[in-house]
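Undergrad: Throw the hints in and build the complete structure from the sequences for me.
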Amino acid sequence: DTEVTQTPKHLVMGMTNKKSLKCEQHMGHRAMYWYKQKAKKPPELMFVYSYEKLSINESVPSRFSPECPNSSLLNLHLHALQPEDSALYLCASSQDDYRSISSYNEQFFGPGTRLTVL
Amino acid sequence: GESVGLHLPTLSVQEGDNSIINCAYSNSASDYFIWYKQESGKGPQFIIDIRSNMDKRQGQRVTVLLNKTVKHLSLQIAATQPGDSAVYFCAGEKLTFGTGTRLTIIP
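Sequences listed follow chains A and B, in order.
If you read the first sequence in my numbering, its first letter stands for residue 1, the second for the next number, and so on.
If you read the second sequence in my numbering, its first letter stands for residue 1001, the second for the next number, and so on.
Think of the hints as simulated: they come from the structure by calculation, not from any bench.
Being a predicted model, the structure only gives us computed values, none of them experimental.
The C-beta atom is built at its ideal place from N, Cα and C for all residues, glycine as well.
Heads up, some of the hints might be wrong.
[To be verified] Have a look at the derived ranges for each label pair, beta carbon to beta carbon:
hint : chain 1 : residue 1 : chain 2 : residue 2 : range
1    : A       : Ala80     : B       : Gln1058   : 19 to 29 Å
2    : B       : Asn1053   : A       : Lys18     : 39 to 49 Å
3    : B       : Ser1052   : A       : His26     : 30 to 40 Å
4    : B       : Ala1029   : A       : Leu54     : 17 to 27 Å
5    : A       : Glu58     : B       : Gly1041   : 19 to 29 Å
TA: So this is what it looks like as structure tokens:
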């Protein structure tokens, strides 16, 4: 299995809702990532987990809360979002942390969750 | 900090010709670069990477060249095919993505 899966594919939520995005990989990868991508823009790194521990938070607002319950799963909990948070949220994983000098830090991306905040 | 950028937002190439997509970076201490391909409706896909101790790296139909003197890297795609149509991003070691070049292959 060389796939990163993300659910749901689409999500519409109001500003007062609480929702969660899910990401799963069964490749034994030890690093997992959340990115945000606005239309016609490049992906922007949000969080990095390495060995199930949060290693990088790119100054993301607290209304986004990541969680890594185990080495295969990565969640992004959403609360009190704003319309400008509407975007494609991408999950990725790599065998080693991207900062390692090994040859195994190729990132595999999921298809993303298209989020619309009303 | 790390900054990477791409030179052209769009590029159209005849099918079968070679494509060259360029990228510049600002931090001379950057040690690692990655090229990604993103097709419409999909997540980015890793194409090839290169470390600063190399000038050139080749993959299947792709070659990445790194010129550390002018802080520039390029992605060359040989004998382009319709399936090569996508947005191409370069990224630096801090996973900062450039703005992207949309490559269109003309049949």
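Undergrad: Determine for every hint whether it applies to the structure shown.
TA: We went through each hint and held it up to the structure:
no.: 1; hint: A:Ala80 - B:Gln1058: 19 to 29 Å; in the structure: 49 Å, violated
no.: 2; hint: B:Asn1053 - A:Lys18: 39 to 49 Å; in the structure: 47 Å, holds
no.: 3; hint: B:Ser1052 - A:His26: 30 to 40 Å; in the structure: 33 Å, holds
no.: 4; hint: B:Ala1029 - A:Leu54: 17 to 27 Å; in the structure: 25 Å, holds
no.: 5; hint: A:Glu58 - B:Gly1041: 19 to 29 Å; in the structure: 25 Å, holds
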